[in-house]
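Below, each chain spelled out in residue letters.
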Amino acid sequence: MRLRFNFALGLLLALLVIAAAVGSGWLAPYDPVMDADLMNSEMPPSWEHWLGTDGQGRDVFSRVLFGARVSLTVGLVSQLINSCIGTALGVSAGYFGGWWDDLVNGLTNVMLAIPSLVFALAIMAVLGPGLPSLLIALGLTNWSWTCRIARSSTLSLKSQGFVQAAKTAGFGDTNIMRTQILPNILGPVLVIATLGIGGAVLAEAALSFLGVGIRPPQPSWGNMLTDARELIRTAPWASVFPGLAIFATVLGFNLLGDGLRDMLDPHMRTRRT
Amino acid sequence: MSRPLLEIRDLTVHFPLPRQAPLGRKRTLRAVQGVNLTLNEGECLSIVGESGCGKSTTALTVMGLQEPTSGEILFQGKPLTGPGAPSRKERARIAQMVFQDPYASLNPRQTIGRMLSAQLALHGIARGREAGDRVAAMLKRVGLTSDHADRYPHEFSGGQRQRIGIARALMLDPKILVLDEPVSALDVSIQAQIINLLMDLQETLGLSYIMISHDLSVVEHVSDRVAVMYFGRVVEEGDWHSIFSRPTHPYTRRLIGSVPDPDAILTGARGLPDAAPVPDASRFSPDISRRPNPDEEPEPSALVRIGESHSVRLAQ
Numbered sequence: 159m160r161l162r163f164n165f166a167l168g169l170l171l172a173l174l175v176i177a178a179a180v181g182s183g184w185l186a187p188y189d190p191v192m193d194a195d196l197m198n199s200e201m202p203p204s205w206e207h208w209l210g211t212d213g214q215g216r217d218v219f220s221r222v223l224f225g226a227r228v229s230l231t232v233g234l235v236s237q238l239i240n241s242c243i244g245t246a247l248g249v250s251a252g253y254f255g256g257w258w259d260d261l262v263n264g265l266t267n268v269m270l271a272i273p274s275l276v277f278a279l280a281i282m283a284v285l286g287p288g289l290p291s292l293l294i295a296l297g298l299t300n301w302s303w304t305c306r307i308a309r310s311s312t313l314s315l316k317s318q319g320f321v322q323a324a325k326t327a328g329f330g331d332t333n334i335m336r337t338q339i340l341p342n343i344l345g346p347v348l349v350i351a352t353l354g355i356g357g358a359v360l361a362e363a364a365l366s367f368l369g370v371g372i373r374p375p376q377p378s379w380g381n382m383l384t385d386a387r388e389l390i391r392t393a394p395w396a397s398v399f400p401g402l403a404i405f406a407t408v409l410g411f412n413l414l415g416d417g418l419r420d421m422l423d424p425h426m427r428t429r430r431t
Numbered sequence: 003m004s005r006p007l008l009e010i011r012d013l014t015v016h017f018p019l020p021r022q023a024p025l026g027r028k029r030t031l032r033a034v035q036g037v038n039l040t041l042n043e044g045e046c047l048s049i050v051g052e053s054g055c056g057k058s059t060t061a062l063t064v065m066g067l068q069e070p071t072s073g074e075i076l077f078q079g080k081p082l083t084g085p086g087a088p089s090r091k092e093r094a095r096i097a098q099m100v101f102q103d104p105y106a107s108l109n110p111r112q113t114i115g116r117m118l119s120a121q122l123a124l125h126g127i128a129r130g131r132e133a134g135d136r137v138a139a140m141l142k143r144v145g146l147t148s149d150h151a152d153r154y155p156h157e158f159s160g161g162q163r164q165r166i167g168i169a170r171a172l173m174l175d176p177k178i179l180v181l182d183e184p185v186s187a188l189d190v191s192i193q194a195q196i197i198n199l200l201m202d203l204q205e206t207l208g209l210s211y212i213m214i215s216h217d218l219s220v221v222e223h224v225s226d227r228v229a230v231m232y233f234g235r236v237v238e239e240g241d242w243h244s245i246f247s248r249p250t251h252p253y254t255r256r257l258i259g260s261v262p263d264p265d266a267i268l269t270g271a272r273g274l275p276d277a278a279p280v281p282d283a284s285r286f287s288p289d290i291s292r293r294p295n296p297d298e299e300p301e302p303s304a305l306v307r308i309g310e311s312h313s314v315r316l317a318q
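Protein chains in written order, with this note's numbering: chain A, 159 to 431; chain B, 3 to 318.
Hints are supplied without guarantee of correctness; some may be wrong.
[What the hints assert, rightly or not] If you want a taste of the chain A side facing chain B, the calculated C-beta under 10 Å gives, among others:
(1) Q214
(2) G215
(3) L234
(4) Q318
(5) G319
(6) A324
(7) K325
(8) A327
(9) N342
[Stated by the list, open to error] Covered stretches of chain B, as calculated for chain A (at least 3 residues, CB under 8 Å):
(10) 18-25
(11) 44-51
(12) 108-120
(13) 304-316
Don't read these hints as lab results, they were simulated from the structure. We treat Cβ as the ideally placed atom computed from N, Cα and C, and that holds for glycine.
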């Protein structure tokens, strides 16, 4: 029961963020960039401005809605890249072993040794700010955990009878990795991925906060926090609401991942019916 | 005599062990040392011995899951190992394996039907409806029903899973079935059912079995010939009658003596059958009282014929 409640809450939060991102064009009462009204800056939440206004008089509610687009794109796309890289490297390394395993292992350790945010910062410095470079920077720097989990799960699966049986039945290595190993490691990979979506949302916020992510007039939750950090005493709503949005998104995807893992597990499926 | 179906010639499998010191001597685990075995058509050859004696490694080499260090395996006179070996796909039609652990040997995320019909599709035997019919027929053959095809492995008991394992192994119509401890993970009552099923299948399909086991009471029921392995070597080999009526090598005698025999205990007639006469019984080798040292070369020894299709290993 508790499991279902967590999953439902996660799904609700995730859907809420997705709805905000998709529907921000219709839902937002003001333009997030153009409707700056310096006469009405730092206004507390009211009927005109549900979540108040920021230092330049822009509507915080509209900016949070539009920020969801950036956060969600960054979270989903960069984590998808991470999961693909990590799974492909991890499964092949665990399955084939030998020099390829050593190479992948070494690379993973290097990636783990360098803080991924620093690495992403370096890539951003080369590529310049903007959404595409953000996707690349975050997509290439956070696959090491997926890779490790995929590799160790593959190692333990490889010696099991059903993988050996697939070999003796004549299936090729690619086929075995795809049909025998991949479905069995999807659970842990998915859980890591949902954690990673939250992490990528946070990383986007951090990079934008540092000024190398999304360029300022465009709203993202990260650069909204940057703008609002000097106003934390006079206009706390300008930083609290983007912060809450980040929190809700990260929580939502984590709960969603946990729930999905349990539902993908065939053991759980029969127990429920 | 006709040519044997499968010949294992001087098979050796060595595994490198980690050195004990950074510059220490190279150490080798001699898992299989010069094993010669033959399997005739329609026959069941049992390889028995304790865990770690190399019986499973021998089986894996036959299946192509383990590369031999030296020696060769021939199927109908054609090599199964080394250069000129058949591809994995070609080999699949020759030999299949039934695994020991019925729980680890089925993919938990594949239905039984998908697992079985994928093999048919891969080898271009049947697709779609026809594949479904073949799967249903195979499930019936191993004592299950056709609606089991839509289920996942965890919905089955251990005995049923082992039946599924047998169905999978038979799907491609192989000539040889390697049974790696097929019943040791099952309840005693289920063991008998599976053994009976295997014997029926051997008869109706004309299969040849290589059975790996440490359980002599199972071996006694099924096998035509028995090879006793000990620390990587065959120490005694013969038809099952000579092995069980005249166990000669001290290790074989120890193995057979360890099988509980309620009749003998009740009648008080406990005791082993006499050993066959051996030219010089003091030359049993390898020394069965200690483990072989991976740092040393093993003592030379050879299988000596002591009866019609009965040989035992003696030191040279």
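Structure-based check of each hint:
Below 10 Å, beta-carbon pairs count as interface contacts, and Q214 of chain A has none with chain B, the closest being about 53 Å; its hint is therefore violated. The closest approach between the C-beta of G215 of chain A and any C-beta of chain B is roughly 55 Å, which is over the 10 Å cut-off, so the hint fails. A cut of 10 Å between beta carbons decides the hint on L234 of chain A: the least distance to chain B is about 25 Å, and the hint is violated. Nearest Cβ of chain B to the Cβ of Q318 of chain A: about 4 Å, under the 10 Å cut. The hint holds.
The interface hint given for G319 of chain A holds, since its Cβ lies 3 Å from the closest Cβ of chain B, which is under the 10 Å cut-off. Because the beta carbon of A324 of chain A sits about 8 Å from the nearest beta carbon in chain B, less than 10 Å, this interface hint is met. The closest approach between the C-beta of K325 of chain A and any C-beta of chain B is roughly 6 Å, which is under the 10 Å cut-off, so the hint is satisfied. Among the interface hints, the one on A327 of chain A holds; its C-beta lies about 5 Å from the nearest C-beta in chain B, closer than the 10 Å criterion.
A hinted interface residue such as N342 of chain A counts as satisfied when its beta carbon comes closer than 10 Å to some beta carbon of chain B; here the least separation is about 6 Å, so the hint holds. Against chain A, the stretch 18-25 of chain B contributes 0 residues with a C-beta closer than 8 Å to a partner C-beta. That does not satisfy the three-residue criterion, and the hint is violated. Counting residues of the stretch 44-51 of chain B whose beta-carbon sits less than 8 Å from any beta-carbon of chain A gives 0, not enough to reach three: the coverage restraint is violated. Check on the stretch 108-120 of chain B: 6 of its residues sit with their Cβ under 8 Å from a Cβ of chain A, so the three-residue criterion for coverage holds.
Counting residues of the stretch 304-316 of chain B whose CB lies closer than 8 Å to any CB of chain A gives 0, so the stated coverage by that chain is violated, three being the minimum.
Against the hints set out earlier in the document, violations occur for numbers 1, 2, 3, 10, 11 and 13.
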